[in-house]
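Peer 1: Next come the chains, spelled out residue by residue.
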Amino acid sequence: MDTIKGFFSVMNRNKQAFAGLIILLIFLFMAVIGPYIIPLDTHTNYAERLQLPSLKHPFGTDYAGRDTLSQFVHGSRNVLIVAFLSALFTLLIAFIMGTVSGVVGGTVDAVLMFITNIILTVPSFPIMMVLSMVIKISDPVTFGLVLSIWSWAGLARAIRSQILSLKQRDFIEASRILGLSLPHIIFAEMLPNITSYIAINFIMIMRGAITASVGLMVLGLVPFSSTHWGMMLQMAISNTGALYGSNAIAYFLVPVLGIVLFQMGCLFFANGLDEALNPRLRAQ
Amino acid sequence: MVWIRRLILIILTIFFAMTVTFIVIRMMPGDPVETLAMEMVRNQGVNYEEAYARAKSMLNYDPDIPMIQQYGRYVSGLLRGNFGESMSFKRPVVEVIAGALPWTLLLLSISLFVSFVVGIFIGMYVAWRRNTIVDPVVSIYASIAGSIPDYIVGLLLIIIFAVNLKWLPNRGPYDSSVMPGFNWPYIASVLEHAILPISAYIITGLGGWALAMKGNAISVLGEDYITAAKARGLSQRRIITTYVGRNALLPLITNLAISFGMMFGGSPLVENIFAYPGVGYFLNQAVGRRDFTLMQGMFLMITVAVVLANLIAEILYSILDPRIRQEG
Chain A
0 MDTIKGFFSV MNRNKQAFAG LIILLIFLFM AVIGPYIIPL DTHTNYAERL QLPSLKHPFG
60 TDYAGRDTLS QFVHGSRNVL IVAFLSALFT LLIAFIMGTV SGVVGGTVDA VLMFITNIIL
120 TVPSFPIMMV LSMVIKISDP VTFGLVLSIW SWAGLARAIR SQILSLKQRD FIEASRILGL
180 SLPHIIFAEM LPNITSYIAI NFIMIMRGAI TASVGLMVLG LVPFSSTHWG MMLQMAISNT
240 GALYGSNAIA YFLVPVLGIV LFQMGCLFFA NGLDEALNPR LRAQ
Chain B
0 MVWIRRLILI ILTIFFAMTV TFIVIRMMPG DPVETLAMEM VRNQGVNYEE AYARAKSMLN
60 YDPDIPMIQQ YGRYVSGLLR GNFGESMSFK RPVVEVIAGA LPWTLLLLSI SLFVSFVVGI
120 FIGMYVAWRR NTIVDPVVSI YASIAGSIPD YIVGLLLIII FAVNLKWLPN RGPYDSSVMP
180 GFNWPYIASV LEHAILPISA YIITGLGGWA LAMKGNAISV LGEDYITAAK ARGLSQRRII
240 TTYVGRNALL PLITNLAISF GMMFGGSPLV ENIFAYPGVG YFLNQAVGRR DFTLMQGMFL
300 MITVAVVLAN LIAEILYSIL DPRIRQEG
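Quick note, the sequences are listed as chains A and B, same order.
Under numbering that gives the first Met the number 0, the first residue of the first sequence is numbered 0, with each subsequent residue one higher.
Under numbering that gives the first Met the number 0, the first residue of the second sequence is numbered 0, with each subsequent residue one higher.
To be clear, the hints were calculated from the coordinates, so they are not data collected in a lab.
Any given hint could turn out to be false.
Below, a list of computed lysine to aspartate or glutamate pairs in the DMTMM-like style, where the Cα atoms sit at most 20 Å apart [unchecked claim]:
#	chain 1	residue 1	chain 2	residue 2
1	A	Lys14	A	Asp273
2	B	Lys165	B	Glu191
3	B	Lys55	B	Asp30
4	B	Lys89	B	Asp134
5	B	Lys55	B	Glu33
6	A	Lys135	B	Glu33
7	A	Lys135	B	Asp134
8	A	Lys14	B	Asp134
9	B	Lys89	B	Asp30
Some residues of chain A that are not near chain B, with every Cβ distance over 10 Å (derived) [said to hold, decoys possible]:
#	residue
10	Gly33
11	Val103
12	Arg168
13	Leu177
14	Ser180
Only a predicted model underlies this, so the values are computations on that prediction, with no experimental measurement involved.
Don't be surprised by glycine CBs; every beta carbon is placed ideally from N, CA and C.
Start from the sequences, fold in the hints, and give me the full structure.
Peer 2: Here it is, written out as structure tokens:
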């Protein structure tokens with residue numbers, strides 16, 4: 000209860016975080032409810048192709064005369080699910096690696112950190128390009144997996160160092176002397192102390208996942224869903240000549256604006272949370 | 000002794016990274032022989048079996064050999080300094096990379112340098128003058144520019160400056176009408192073609208450096224030795240440059256070195272959008288054509304660059320930060 004109250008007082012104090020929250024809630028609403036309100040427009044109508052925004056088509060139409068708004072709304076669901084799953088998988092791997100490494104220490108720590116270092120030395124996007132071929136991407140789960148396999152290393156290292164510094168603190172020492180079980184120490188004593196850190200990272204990983212997923216689609220490596228914003232962008236670039244000054248510019252700008260707004264929402268929310276929850280920043 | 004251990008660790012890291020990428024790459028469905036054979040069937044009208052056999056001998060690569068043997072062959076080649084032959088470009092991998100790397104480095108070294116230097120100065124200024132209009136402007140700029148992926152900025156730049164205004168070219172490294180060499184038209188053309196991709200990198204990269212510098216500078220400004228320096232009546236200029244600047248810059252040196260290492264991988268997306276023949280562009284080609292050897296060579300090159308950059312970062316840090324130097 001206290002955490003929920005604290006959350007709202009943070010939102011109240013910090014305008015930036017509040018703006019971010021509103022943006023994210025709008026996107027969430029669009030992704031969850033939107034598809035029920037606006038049906039997916041699949042019938043082609045070449046007479047009305049690549050129109051600019053009008054009353055009938057608020058966002059214009061695509062290269063086959065389909066309504067862009069409906070694609071945008073239906074796409075938001077895929078974009079959000081892929082980003083959410085990717086952040087979830089990344090966080091899980093990072094948390095397990097970082098916590099085990101920090102708590103157990105010794106040889107286990109050395110081995111896990113060696114693996115982490117190897118992952119860190121190879122840039123993630125090129126590996127994702129290869130992985131998107133190896134793992135057949137057919138649904139949001141596999142897509143999320145491809146995006147997270149090579150992205151957890153930095154966070155794992157950060158969680159490990161958080162755990163290491165927590166280990167030195169008196170209350171952990173005390174719980175250990177009291178003979179509390181290891182799972183209790185990890186989940187009930189340590190986890191609450193890094194929750195805000197993890198929440199902020201979760202949002203930042205979602206941002207990265209969207210940039211990467213759209214990037215893979217722009218390169219044409221992921222034939223996953225026709226209503227992902229990345230697919231719209233790729234279609235706009237390769238099929239419509241949006242880059243060469245035709246009416247397709249509207250079809251190109253809609254997913255771009257969606258991506259930029261969502262990224263900004265994430266950034267504002269995460270920055271605001273960071274400022275609100277990080278006492279070091281608040282003091283300044 | 001510490002350095003010998005460090006060296007062994009570096010070699011092990013590179014070796015394992017090479018092994019992991021080798022396995023991942025060989026797990027890709029389809030193979031270069033198949034790709035080439037299909038091409039021959041289409042273009043020369045031979046039947047598939049014959050094309051397959053010919054492609055196999057042309058590429059000097061047999062997908063039926065077990066992976067472990069291919070790996071052994073590759074590693075023994077590497078140890079003799081042989082990175083193999085690119086399967087799709089029919090040239091040594093080293094040659095392909097050597098042709099692509101200068102283009103990537105041209106774009107990224109300029110943009111990294113500019114965004115770092117300008118970012119540092121903006122960050123310093125904002126930290127020193129907290130209550131001017133510049134502070135919120137920089138913050139807002141950083142959150143907007145930081146929200147747009149660099150390849151999307153690249154696309155927008157192409158639409159505005161290349162297609163609509165027709166001020167700058169939108170693809171390729173230089174105009175096809177100029178003769179490559181040390182002459183002015185060529186150099187001018189290269190610079191002209193580099194402006195848009197470099198701008199895309201700078202626009203997205205600048206804000207991050209500025210914000211990081213601002214954060215560091217603010218926390219340095221709170222230190223006692225700054226108050227002491229002010230109390231001693233030192234000039235503002237001296238306090239900003241030698242007291243705040245140097246100390247706030249220190250943590251960023253590590254980031255700079257690591258960014259420098261990552262730079263060698265180029266950007267598959269930005270280079271693809273501008274049809275710019277750098278490392279990222281060729282990596283994308285290699286993935287599409289299943290050019291295993293070229294991908295392998297590129298990943299190895301990037302890994303080595305990143306590992307060395309990390310090492311340089313550590314050495315620089317120990318030179319620049321007396322606290323670490325003393326601890327040995």
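Peer 1: Has the given pair, B:Lys55 with B:Asp30, been kept, meaning a C-alpha gap of at most 20 Å?
Peer 2: holds, 11 Å
Peer 1: Given the hinted pair A:Lys14 and A:Asp273, is their Cα-Cα distance within 20 Å?
Peer 2: holds, 13 Å
Peer 1: Can you confirm whether the C-alpha distance between B:Lys165 and B:Glu191 stays at or below 20 Å?
Peer 2: Given that 20 Å is the threshold and the Cα spacing comes to 12 Å, the pair holds.
Peer 1: Within a Cα-Cα threshold of 20 Å, do A:Lys135 and B:Asp134 meet the stated pairing?
Peer 2: violated, 47 Å
Peer 1: Checking the smallest CB distance to chain B, is A:Val103 really beyond 10 Å?
Peer 2: holds, 20 Å
Peer 1: Do the alpha carbons of A:Lys14 and B:Asp134 lie within 20 Å of each other, as the hint requires?
Peer 2: Holds: A:Lys14 and B:Asp134 sit about 16 Å apart, inside 20 Å.
Peer 1: Check the non-interface label on A:Arg168: least C-beta distance to chain B beyond 10 Å or not.
Peer 2: holds, 22 Å
Peer 1: Please work out if B:Lys89 and B:Asp30 have their alpha carbons no farther apart than 20 Å.
Peer 2: With a Cα-Cα distance of about 16 Å, the restraint between B:Lys89 and B:Asp30 holds, given a limit of 20 Å.
Peer 1: Run the distance test for B:Lys55 versus B:Glu33: straight-line Cα separation, threshold 20 Å.
Peer 2: holds, 9 Å
Peer 1: Do the alpha carbons of B:Lys89 and B:Asp134 lie within 20 Å of each other, as the hint requires?
Peer 2: violated, 54 Å
Peer 1: Would you assess whether A:Gly33, listed as outside the interface, keeps its beta-carbon beyond 10 Å of every beta-carbon in chain B?
Peer 2: The claim stands: A:Gly33 keeps its Cβ more than 10 Å from every Cβ of chain B (closest is about 22 Å).
Peer 1: Is the Cβ of A:Ser180 more than 10 Å away from each Cβ in chain B?
Peer 2: holds, 35 Å
The structure is inconsistent with the numbered hints 4 and 7, although it conforms to all the rest.
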